[in-house]
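Keeping the supplied structure of chain A fixed, place chain B upon it in accordance with the hints.
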Amino acid sequence: MAAKPSLKNKGRGKGPKGSSSSTSSSSSSKYELVKEWTNWSLKKAKVATQYGFIPLIIIIGMKSDPKPHLFQLLSPV
Amino acid sequence: MADLLPPLGTAQIDGKTKVDEKVDYSNLPCPVPYEELHREAIMSLKADNFEGLRFDFSKGLNQKFSLSHSVMMGPTEVPSQSPDTTIKIPTAHYEFGANYFDPKLMLIGRLMTDGRLNARVKADLTDRLVLKANGQLSNEPHMSHAMFNFDYMGSDYRAQLQLGNSALIGATYIQSVTPRLSLGGEVFWAGVPRKSGIGYAARYDTDKMVATAQVASTGTIAMNYVQKISEKVSLATDFAYNYLSRDVVASVGYDYILRQSRVRGKIDSNGVASALLEERLSMGLNFLLSAELDHKKKDYKFGFGLTVG
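Line by line, the protein sequences are chains A and B.
Under my numbering, the very last position in the first sequence is 77; numbers go up by exactly one each time.
Under my numbering, the very last position in the second sequence is 309; numbers go up by exactly one each time.
Looking at chain A on its own, in the form it has when it is part of the complex (with noise of 0.2 Å):
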């Protein structure tokens, strides 16, 4: 078990000396802030298309030839 106190060691040798590797860890970052972009704009975008699909085909429905009436679309019949 020689091993266990050095492994341990680096883990808190790392705490101060994570200045040193800032570099890395802004590309990283970066990396991390393009996925949390797509992840926050695919949330988006999939409550914008669950509440604005079914608008959008009667939008352009009701705007191709021949037009039809607001009645025509309410009315049961």
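I should point out that these hints are in silico values taken from the structure, not numbers from a laboratory.
Quick caveat, the model's predicted, so the values are computed rather than measured.
Check the hints yourself; a few may be wrong.
[Stated by the list, open to error] Pair ranges (Cβ atoms, derived):
1) 105(B) x 33(A): 31 to 41 Å
2) 102(B) x 71(A): 40 to 50 Å
3) 259(B) x 41(A): 46 to 56 Å
4) 147(B) x 48(A): 12 to 22 Å
5) 73(A) x 153(B): 44 to 54 Å
[Said to hold, decoys possible] Restricting the straight-line Cα-Cα distance to at most 25 Å, the calculated cross-link-like pairs of lysine to aspartate or glutamate (DMTMM-like) are:
6) 88(B) x 294(B)
7) 35(A) x 140(B)
8) 296(B) x 268(B)
9) 63(A) x 95(B)
10) 44(A) x 294(B)
Just so it is clear, CB atoms sit at the ideal spot from N, CA and C, and this is done for glycine as well.
Then chain B, alone, in the frame of chain A:
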């Protein structure tokens, strides 16, 4: 697709098929899309049997735009731990749909009462390149899927690129080798269960029969054969074997297209016999009856429905 057949097609319809007919290899017809390779067999053998009541009402507002309302009531199966028992939960839902059909753009959307949206888009970007998108979005987290396909149609080949959510990439290619034979292949890479696969397919069709075969590295080997006996009757048979999980299924089915009705039925080597009847009661009014008897699991499903418009 009939106008894409080479001029030699009329010579083939004459009773005798001569082996030494000259084939114009530079003018082959465009093949069937890769995912529709076995479409004739699917029509007979994978008819959509349902359980319970189904009522579809579809109202056209003009040539291109229509709305649809459907009500479905019946038990839906929930996957259960043991393969012997099937758990069914009775559910009822209403689905509102809107369709827009244009020669260049097709939009189909279906929204259920529990917030699930099923959306399909097909847009012709140019006259050779088609974009298709398909999505099932739901309110539950991690239960939404979306897939985008780019299809390119060449003179005698088709190529497709697929992108799906959770890092799924696939590509398929199919080429006409002779006027009757087309060969194709597909490759996919899935990110979440890290696996990739490759598959090959072949399709041979004449006026009277269609035979297809597919092999994939996911372990499936599938072959099917459809014989068109007459304008009204066709018979199909299918054999699927998975060499990794050692599952094998063979089925035989029929498809009768009559003047007022259409009956499709099949029987399986798993002990499943099923049938679907669609009867046209009058103009725009269709009556559906579906039955599926699974003798091995002792699960019997019956359904009836009405389609208006």
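A quick look at each hint next to the structure:
1. The hinted window of 31 to 41 Å between residue 105(B) and residue 33(A) holds, with their beta carbons roughly 36 Å apart.
2. The hinted range of 40 to 50 Å is not satisfied by residue 102(B) and residue 71(A), whose Cβ atoms lie roughly 24 Å apart.
3. Against the hinted window of 46 to 56 Å, the Cβ-Cβ separation of residue 259(B) and residue 41(A) comes to about 54 Å, which satisfies the hint.
4. The hinted window of 12 to 22 Å between residue 147(B) and residue 48(A) holds, with their beta carbons roughly 18 Å apart.
5. Checked against the hint of 44 to 54 Å, the pair residue 73(A) and residue 153(B) fails, with Cβ atoms roughly 36 Å apart.
6. Among the hinted pairs, residue 88(B) with residue 294(B) is consistent with the structure: their alpha-carbon atoms are about 15 Å apart, no more than 25 Å.
7. Taking the CA atoms of residue 35(A) and residue 140(B), the gap is about 22 Å. The hint holds against a cut of 25 Å.
8. For the proposed pair residue 296(B) and residue 268(B), the alpha carbon gap of about 11 Å is at most 25 Å, so the pair holds.
9. Between residue 63(A) and residue 95(B) the alpha-carbon distance is near 24 Å, which keeps this suggested pair within the 25 Å criterion.
10. Proximity of residue 44(A) to residue 294(B) is assessed by CA-CA distance (about 44 Å); at most 25 Å being required, the pair is judged violated.
In this structure, the hints that do not hold are numbers 2, 5, 10, in rising order.
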